[in-house]
Amino acid sequence: MPTSSEIELRRQLEEPLSCECRNYPPAEDSILVTMLDTPYYPPYMPDSLHVHNCLEIGICLAGSGQVYLHDRGWRFSAGSVIVVPRGVYHNQHNEGEPLTHWRYLVISDDYLQRSAPDRCRGAILALLDAIRETGLFLESSADSALDTIVKLMYDLRHRGDADAEAQLELCVYLLLLEIARQRTRTPMLSPGEPVDHRQRQPIEPALTYIYEHYKEDIRVSELARSCSMSESYFRKQFARIMGMSPMEHVNRYRVHRAMNLLRTTSDSIQNIAVRAGYSSLAAFNRNFKQYAGLSPSDWRRSRLNQ
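Using my numbering, the first residue of the sequence shown is number 1, and each one after it goes up by one.
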């Protein structure tokens, strides 16, 4: 069973707010703060620009999309790796079918700098110093040992042996050394165009309102008022920026929340409909099937079978 801190971190990943600091719980006596195995299911919600208080390493197992580090965008796919130092703004936009799957390793960089063995300290600290302001993106490589190291770490975590923590710490050093090797030996891909994170700024109050009040009855007039716009102008701006109408975004977000509940709880379909913001079961079923292609019960059954 996931711990309360892991549940909270998953919630932050699944219903992000705007430009936030998503702080991981402190780990003063351990190099590894947490390990998250996170599948994302469509329809995908836009991720907001955010920072962490620890070093985060993400490994894509399946799916594709765009990841943004600092002010540059990169196309990711299975095998891609991102390394995000503390304080570097980033986000990701998933596109994979039937899902996008990431594993995240969160490392206390303060503990790391204190405890790194002398023989590998120089290489690790040089890596962290080189990417401190911008982060690092690595595409999959045929000679990379990263997949093997990460798989070993999750196997150790699941086994829970008495000496698992010590072995996991050694794996973290190996992982960082391999990332440093990949950085110097793998040709760096050219990033995409600089990202203008101000594009969504005019409608950010409305997006925040949706994320905080999706369980309630939401009216477009309220969203427009939160952005200090007339309703007609707000509708045009929202469609231009998000590529869909305000209420379509609301319904997509509600379905996204319902998917998470279907996957992680045994609640009845009726209860999940209410928790996702639908007062009518018929409306919930209709919207869910429109965006997911299956009824809620069929979607839940298909995910359990996976």
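Treat the hints with care, since some could be wrong.
To be verified - Listed below are the simulated DMTMM-like cross-link pairs for lysine to aspartate or glutamate, each with C-alpha atoms no more than 25 Å apart in a straight line:
1. K289 x E133
2. K151 x E178
3. K151 x D267
4. K151 x E212
5. K289 x D267
6. K215 x D29
7. K236 x E248
8. K236 x D37
9. K215 x E178
10. K289 x E212
11. K151 x D163
12. K151 x E95
13. K215 x D47
14. K151 x D161
15. K151 x E139
16. K289 x E248
17. K289 x E216
18. K151 x E204
19. K215 x E231
20. K215 x D161
21. K289 x D109
22. K236 x E216
23. K215 x E204
24. K289 x E178
25. K236 x E204
26. K151 x E165
27. K215 x E139
28. K151 x D37
29. K236 x E222
30. K289 x E165
31. K151 x E133
32. K236 x D217
33. K236 x D267
The set of hints was computed from the structure by calculation and includes no laboratory data. On a predicted model such as this, the values are computed, not experimentally measured, just so you know.
For each hint, the structure was consulted:
Under the criterion of a C-alpha separation no larger than 25 Å, the hint pairing K289 with E133 is inconsistent with the structure, at around 43 Å. Only pairs whose Cα atoms come within 25 Å are accepted, and K151 paired with E178 is accepted, the gap being roughly 14 Å. Only pairs whose Cα atoms come within 25 Å are accepted, and K151 paired with D267 is rejected, the gap being roughly 32 Å. For the given pair, K151 sits about 36 Å from E212 by alpha-carbon distance, which is inconsistent with the 25 Å threshold.
A threshold of 25 Å between alpha carbons decides the hint, and for K289 with D267 the separation of about 19 Å falls inside it, so the pair holds. About 40 Å separates the Cα atoms of K215 and D29, which puts this hinted pair outside 25 Å; it is violated. Simply put, K236 and E248 have alpha-carbon atoms about 14 Å apart, close enough for the 25 Å limit, and the pair holds. For the given pair, K236 sits about 38 Å from D37 by alpha-carbon distance, which is inconsistent with the 25 Å threshold.
Annotation: proposed proximity of K215 to E178 is violated, straight-line Cα distance about 45 Å (limit 25 Å). Restraint check for K289 and E212: the C-alpha separation of about 24 Å stays at or below 25 Å, so the hint holds. For the given pair, K151 sits about 17 Å from D163 by alpha-carbon distance, which is consistent with the 25 Å threshold. A C-alpha spacing of about 24 Å is found between K151 and E95, which places the hinted pair at or below 25 Å, so the restraint holds.
Restraint check for K215 and D47: the C-alpha separation of about 19 Å stays at or below 25 Å, so the hint holds. Under the criterion of a C-alpha separation no larger than 25 Å, the hint pairing K151 with D161 is consistent with the structure, at around 16 Å. Our distance criterion of 25 Å between C-alpha atoms is met by K151 and E139, whose separation comes to about 18 Å. This hinted pair checks out: K289 and E248 have alpha carbons roughly 14 Å apart, not beyond 25 Å.
Among the hinted pairs, K289 with E216 is consistent with the structure: their alpha-carbon atoms are about 21 Å apart, no more than 25 Å. Taking the CA atoms of K151 and E204, the gap is near 38 Å; set against the 25 Å cutoff, the hint is violated. Of the supplied pair hints, the one linking K215 and E231 holds, its CA atoms being roughly 22 Å apart against a limit of 25 Å. Restraint check for K215 and D161: not satisfied, since their Cα atoms lie roughly 42 Å apart, outside the 25 Å limit.
With a C-alpha separation of about 44 Å, the suggested pairing of K289 with D109 is violated against the 25 Å cut-off. Distance check on the hinted pair: K236 and E216 sit about 23 Å apart at the alpha-carbon level, within 25 Å; holds. Of the pairs offered as hints, the one joining K215 and E204 holds, with about 19 Å between alpha carbons and a cut-off of 25 Å not exceeded. Simply put, K289 and E178 have alpha-carbon atoms about 44 Å apart, too far for the 25 Å limit, and the pair is violated.
A hinted pair counts as satisfied when its Cα atoms are at most 25 Å apart, and K236 with E204 qualifies at roughly 15 Å. Taking the CA atoms of K151 and E165, the gap is near 15 Å; set against the 25 Å cutoff, the hint holds. In summary, the hint linking K215 to E139 is not supported, as the alpha carbons are separated by about 39 Å, beyond the 25 Å threshold. Simply put, K151 and D37 have alpha-carbon atoms about 11 Å apart, close enough for the 25 Å limit, and the pair holds.
Using a Cα cut-off of 25 Å, the hinted pair K236 and E222 holds, with the two alpha carbons roughly 15 Å apart. Restraint check for K289 and E165: not satisfied, since their Cα atoms lie roughly 44 Å apart, outside the 25 Å limit. At most 25 Å may separate the alpha-carbon atoms for a hinted pair to count; K151 and E133 exceed this at roughly 28 Å. For a cut-off of 25 Å, the pair hint linking K236 to D217 stands: about 22 Å separates their Cα positions.
For the given pair, K236 sits about 38 Å from D267 by alpha-carbon distance, which is inconsistent with the 25 Å threshold.
When the structure is compared with the earlier hints, violations turn up for hints 1, 3, 4, 6, 8, 9, 18, 20, 21, 24, 27, 30, 31 and 33 and for no others.
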